[in-house]
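Asks: Sequence:
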Amino acid sequence: MKNIDYKWRALALLWVAFFLQQGTRQLFGPSVPAICASIGVDKVAIGVVGTVFAMMYGICVPFAGLTADLFSRKWMVVSGVAIFCLGIFLSGFVASVGLLIVTYGVLNGFGQTFYYPSATSLISQLHKESRATAISILQLGLYIGIIGCGSLAGFLAGKGGESWRTPFWIFGGIGLVWAALMIFTLRDTKPVAAPSGAVDKPSIAEAMKAVLSKPTAICVTLGLAMMIYVDIGFKNWMPSHLQSQFLDSCPFLQRWAGLHAVVWHYVGAVIGVLVGSRIGDRLVKSRPGIRLDLGVAGLGLAIPFIVWMSLTPSFALCCAAMFGFGIFRGVYDSNFMASFFDVVNPRYHASGVGIMMCIAFLFGSLSSTVLPVIAKAFDGKMGFSMASLAGFYLVGVAILALARFAFLRRDLSK
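Numbering follows the working numbering, in which position 253 of the sequence shown is assigned residue number 253; successive positions increment by one, without gaps.
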């Protein structure tokens, strides 16, 4: 009974840490106009900060995943939260884009790599029969963190001057306190034991083989890369799109673009992830392909909503489109990690997630810089840039469909 209680307490501890990890990422996008004015740079230059962050994450995360399989996952989580929150806190003091690259891009990006592989591996181990549900509850931390942190950042940035710095200090400081709390409350859960005859510790070569020997895992990784490209572009530049497209008719967007850029989308995503996770967990035994079916449906049905939100001249319709986009993005989110874990040896879950995130974020990092470059060709308007994101979801649909119908049955039987 104590172990059953602890698995939910551990999920709560990791949920707050995930709220901070994902929420602090959303401090950047709504603050872009204020940061540009404060330190005197244009959107393309500030886009480099987001690209450096995502590239740093992508480069370091496979090593963080392997380290989690080698050493204590508790201390990986604690140290990761402490490092990235220190980077966020220091970002509130910068006076140049170079320093912001160091604090937000490098230090923040490096620290964030340690959290996710270890946390999802722990949750997967503790919640064997409720895996998709537990991971989906964790996913709610992403949505709520992005809405809460993004809204506060946008509101304060809209006041002008140096107000954009305050949320970096607030959430960075809270994170440092939470890291200290987890030292005393999170257990040092041992990883899954190696099979008989295997070496005690996995190597990077073994982890690579565990992922690359399963075509389904490769396809899930490539599908995630398409989603991450869209996600980074959407979170970093949707507030700017709302202001450039609708500020004349909706002057409240001066302060509330950060809220509207995320709240409609992520309220929809909460609905999608809760429904999708229950469907996946209920049907997976009788229909092993259901997780990938939900991934294909989620990405595919989101495509028209991405185009709609990007090109509509109506702010109300844009919000409705972001809500629809969020519902189907949530359906995808609800099962992509469980579908990866279904075909990868549990011994390599943390390092496998690291490899998956490396590939996805290295590709996805490009959107932070590419989208403002596209917008520059259209007089600074972000509409066509945002609409281009739909093409990446379409590629993701094709990749996941290939995994579902060509590879899944064979990979599950091995």
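Where hints are given, some of them may not hold.
As the list claims (entries may be wrong) - Each pair of labels, with its calculated beta carbon distance range:
#, residue 1, residue 2, range
1, Ala37, Phe184, 56 to 66 Å
2, Leu394, Leu247, 26 to 36 Å
3, Gly160, Asp248, 33 to 43 Å
To be verified - The calculated SDA-like cross-link candidates involving lysine to any residue, where the alpha carbons are at most 20 Å apart (straight line), are:
#, residue 1, residue 2
4, Lys7, Leu311
5, Lys376, Leu311
6, Lys376, Leu362
7, Lys43, Lys285
8, Lys376, Ala37
9, Lys285, Val275
10, Lys376, Val41
Calculated from the structure, these hints are not laboratory results. Virtual Cβ for every residue (Gly too), placed ideally from N, Cα, C.
Asks: Next, verify each hint and record whether it holds.
Replies: Status of the hints after comparison with the structure:
1. Range check, Ala37 to Phe184: Cβ separation about 42 Å, and the 56 to 66 Å hint is violated.
2. Checked against the hint of 26 to 36 Å, the pair Leu394 and Leu247 passes, with Cβ atoms roughly 30 Å apart.
3. Between Gly160 and Asp248 the beta carbons are some 18 Å apart, a value that contradicts the proposed interval 33 to 43 Å.
4. For the hint pairing Lys7 with Leu311, the CA-to-CA distance comes to about 45 Å; that exceeds 20 Å, so the pair is violated.
5. A threshold of 20 Å between alpha carbons decides the hint, and for Lys376 with Leu311 the separation of about 16 Å falls inside it, so the pair holds.
6. Pair hint Lys376 plus Leu362 does not hold up; C-alpha atoms about 23 Å apart against a cutoff of 20 Å.
7. Of the pairs offered as hints, the one joining Lys43 and Lys285 is violated, with about 49 Å between alpha carbons and a cut-off of 20 Å exceeded.
8. A threshold of 20 Å between alpha carbons decides the hint, and for Lys376 with Ala37 the separation of about 18 Å falls inside it, so the pair holds.
9. Of the pairs offered as hints, the one joining Lys285 and Val275 holds, with about 17 Å between alpha carbons and a cut-off of 20 Å not exceeded.
10. With a C-alpha separation of about 15 Å, the suggested pair Lys376 and Val41 falls inside the 20 Å cut-off, and the hint holds.
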